[in-house]
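Asker: One letter stands for each residue in the lines below.
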Amino acid sequence: MSVTVKIPTQLRSVTGGEAETAVDEATTVGEVLDGLYDRFDGLRDRIAEDGGLRRFVNVYVGGEDIRFLDGLDTAVDDGDEVTILPAVAGGC
Amino acid sequence: MALEALKCKECGTTYPLEARYVCEDCFGPLEVAYDFSGLDAAETRRKIQAGPQSIWRYSDFLPFESQPRTALAAGVTPLLRADRLAERLGLGEVWVKNDAANPTHSFKDRVVTVALAKARELGYQVVACASTGNLANAVAAHAAAAGLESYVFVPADLEEQKILATGVYGTNLVAVDGNYDDVNRLCTELAGEREWAFVNVNFRPYYSEGSKTVAFEIAEQLGWELPDRIVVPIASGSLITKIARGFDEWREVGLVAGELPKFNGAQAEGCSPVAQAYEAGRDFCAPVKPETIAKSLAIGNPADGPYALDLARRTGGGIDAVTDDEIRTGIKLLAETTGIFTETAGGVTTATLAKLAERGEIGRDERVVVVITGEGLKTLDAVRGSFETIDVDPTTESFADAVGVGAAA
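Protein chains in written order, with the working numbering: chain Y, 83 to 174; chain L, 10 to 418.
Isolated chain Y, as found in the complex:
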């Protein structure tokens, strides 16, 4: 059981340059992120606050924004792809 996580360029300074990583034994997005926080020092402070995500952070599972799913409780399966991206893009 392994989930792939795509890391945006803005966070690669805390992931040692890694653009993609894998988290094993996580069943929800929250557990995937906890796995990353354990592994990468300083990551939690950058994207999380008060137990949730900062407001300018978007997280997707299989291309779908987790706010349309169950947020941090969204279930993940073996082979799923989790993408972290800045929210501050696009628009007029």
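No wet-lab data here; the hints were simulated from the structure. Any given hint might turn out to be false.
[Stated by the list, open to error] Derived DMTMM-like pairs: lysine to aspartate or glutamate, alpha-carbon spacing no greater than 25 Å straight-line:
| id | chain 1 | residue 1 | chain 2 | residue 2 |
| --- | --- | --- | --- | --- |
| 1 | L | 364 | L | 102 |
| 2 | L | 18 | Y | 132 |
| 3 | Y | 88 | L | 202 |
| 4 | L | 298 | Y | 152 |
| 5 | L | 18 | Y | 131 |
| 6 | Y | 88 | L | 191 |
| 7 | L | 298 | Y | 162 |
| 8 | L | 298 | Y | 146 |
| 9 | Y | 88 | L | 33 |
| 10 | L | 16 | Y | 127 |
| 11 | Y | 88 | Y | 123 |
| 12 | Y | 88 | L | 186 |
| 13 | L | 298 | Y | 155 |
| 14 | L | 16 | Y | 131 |
| 15 | Y | 88 | L | 34 |
| 16 | L | 298 | Y | 163 |
| 17 | L | 18 | Y | 127 |
| 18 | Y | 88 | Y | 131 |
| 19 | L | 364 | L | 390 |
| 20 | Y | 88 | L | 198 |
| 21 | Y | 88 | L | 204 |
| 22 | L | 341 | L | 397 |
| 23 | L | 16 | Y | 132 |
| 24 | L | 18 | L | 34 |
Keeping the supplied structure of chain Y fixed, place chain L upon it in accordance with the hints.
Answerer: Showing chain L alone in chain Y's frame:
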């Protein structure tokens, strides 16, 4: 010179003026910071008045050390006093800022011309964007004029007029099987992988500065005065917040005096994450799946939503949403009273003005400006079937049969 740095709107961390848009510490948006303390109001005003008939007359407030040269200009669009519209709505003084009168017929020419000038300055060869249509037109056109290669990403179900008015410029038009938010996510990922200037992703801090020129023009055209209220459409919320910033900068320098106008945001009910948050008293926007004819406003995950909410609240304005039928009625109302044919986004804005007037929220002594952001010929489906032609044979008898006998000449 006034240009200082890129600065995080959330935590204040500063960064050099390069292709960067997100704070690495908190993920907040970066914005261009200036120091206007060296600007003298009278001198700046003279300089503006002697400047070119384009947004570059406001160069002191744009993110460049010196006035850029661009192949395709933008801005200095008409501000028209709309007495018939005011009368119809029972209002005292209404002005229409008609930004359809730009090179590619929407306000996007302003932001794109700024972004492309910056892209060239920083040495980028390829420009790109995620677009709901108007931006696609503008990026394709300005890139063509500047001789830059471009990639334009749009949702595949976009209005045909907007697709045609993009492809004609010889861009690489990428139709994405998904909605705008999917397109945006794709471009955000690509911006991390390719050395391209995505005007509304990694160049967003510069791009969005172009929207301030809407405010500058309105103030200049009103005789260096501020309106009492302004009605602006909201998609991502960038335009409305940057118009406020433009007015604030001119208040700071002393080019205009008085309070910030009341800001009223306008959304389509089928995509109204900001209006819903306003109604619910929240300071954040829950994303939605767009379902509206106002495709140019169909952003379900608005990046500047929190700032638009704050602006509407602190100025005593508000944020409203209108139905697709109200949008169609709004387009007709503007056309029939001002001679301006706007696209669906302008229908949203006009319908919101009508709604505010109906609720009695606008005083008769108020000077109101309505920002019309795009051209009706781009969204023809919205008016199809909204009237009937008078069909006649080419004879005076047939015409008389159809319309009745007129008074003697």
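Asker: Compare the structure with each hint and give your call.
Answerer: Results of checking the hints against the structure:
1. Taken as a hint, the residue 364 (chain L) and residue 102 (chain L) pair is honoured in the structure, with Cα atoms around 16 Å apart against an allowance of 25 Å.
2. Taking the CA atoms of residue 18 (chain L) and residue 132 (chain Y), the gap is about 20 Å. The hint holds against a cut of 25 Å.
3. With a C-alpha separation of about 12 Å, the suggested pairing of residue 88 (chain Y) with residue 202 (chain L) holds against the 25 Å cut-off.
4. Between residue 298 (chain L) and residue 152 (chain Y) the CA atoms are separated by roughly 16 Å; this keeps the pair inside 25 Å, and the hint holds.
5. In summary, the hint linking residue 18 (chain L) to residue 131 (chain Y) is supported, as the alpha carbons are separated by about 17 Å, within the 25 Å threshold.
6. For the suggested pair residue 88 (chain Y) and residue 191 (chain L), the alpha carbons sit about 16 Å apart, so the restraint of at most 25 Å is met.
7. For the hint linking residue 298 (chain L) to residue 162 (chain Y), the alpha-carbon distance of about 22 Å falls within 25 Å, and the restraint holds.
8. This hinted pair checks out: residue 298 (chain L) and residue 146 (chain Y) have alpha carbons roughly 11 Å apart, not beyond 25 Å.
9. Note on residue 88 (chain Y) and residue 33 (chain L): the hinted pairing holds, with a Cα-Cα distance of about 16 Å set against a maximum of 25 Å.
10. Our distance criterion of 25 Å between C-alpha atoms is met by residue 16 (chain L) and residue 127 (chain Y), whose separation comes to about 19 Å.
11. The hinted pair formed by residue 88 (chain Y) and residue 123 (chain Y) meets the criterion: a straight-line CA distance of about 17 Å does not exceed 25 Å.
12. A distance of roughly 21 Å separates the Cα atoms of residue 88 (chain Y) and residue 186 (chain L); the hinted pair therefore holds under the 25 Å criterion.
13. A distance of roughly 20 Å separates the Cα atoms of residue 298 (chain L) and residue 155 (chain Y); the hinted pair therefore holds under the 25 Å criterion.
14. At most 25 Å may separate the alpha-carbon atoms for a hinted pair to count; residue 16 (chain L) and residue 131 (chain Y) meet this at roughly 21 Å.
15. For the suggested pair residue 88 (chain Y) and residue 34 (chain L), the alpha carbons sit about 18 Å apart, so the restraint of at most 25 Å is met.
16. Straight-line distance between C-alpha atoms of residue 298 (chain L) and residue 163 (chain Y) comes to about 21 Å, which keeps the hinted pair within the 25 Å bound.
17. Straight-line distance between C-alpha atoms of residue 18 (chain L) and residue 127 (chain Y) comes to about 17 Å, which keeps the hinted pair within the 25 Å bound.
18. Distance hint between residue 88 (chain Y) and residue 131 (chain Y) is fulfilled; the C-alpha atoms sit about 20 Å from each other, no more than 25 Å.
19. Proposed proximity of residue 364 (chain L) and residue 390 (chain L) is supported: the alpha carbons are some 23 Å apart, at most 25 Å.
20. Among the hinted pairs, residue 88 (chain Y) with residue 198 (chain L) is consistent with the structure: their alpha-carbon atoms are about 9 Å apart, no more than 25 Å.
21. Of the supplied pair hints, the one linking residue 88 (chain Y) and residue 204 (chain L) holds, its CA atoms being roughly 19 Å apart against a limit of 25 Å.
22. Proximity of residue 341 (chain L) to residue 397 (chain L) is assessed by CA-CA distance (about 14 Å); at most 25 Å being required, the pair is judged to hold.
23. Of the pairs offered as hints, the one joining residue 16 (chain L) and residue 132 (chain Y) holds, with about 24 Å between alpha carbons and a cut-off of 25 Å not exceeded.
24. Of the pairs offered as hints, the one joining residue 18 (chain L) and residue 34 (chain L) holds, with about 12 Å between alpha carbons and a cut-off of 25 Å not exceeded.
In summary, the structure agrees with every hint in the numbered list given earlier.
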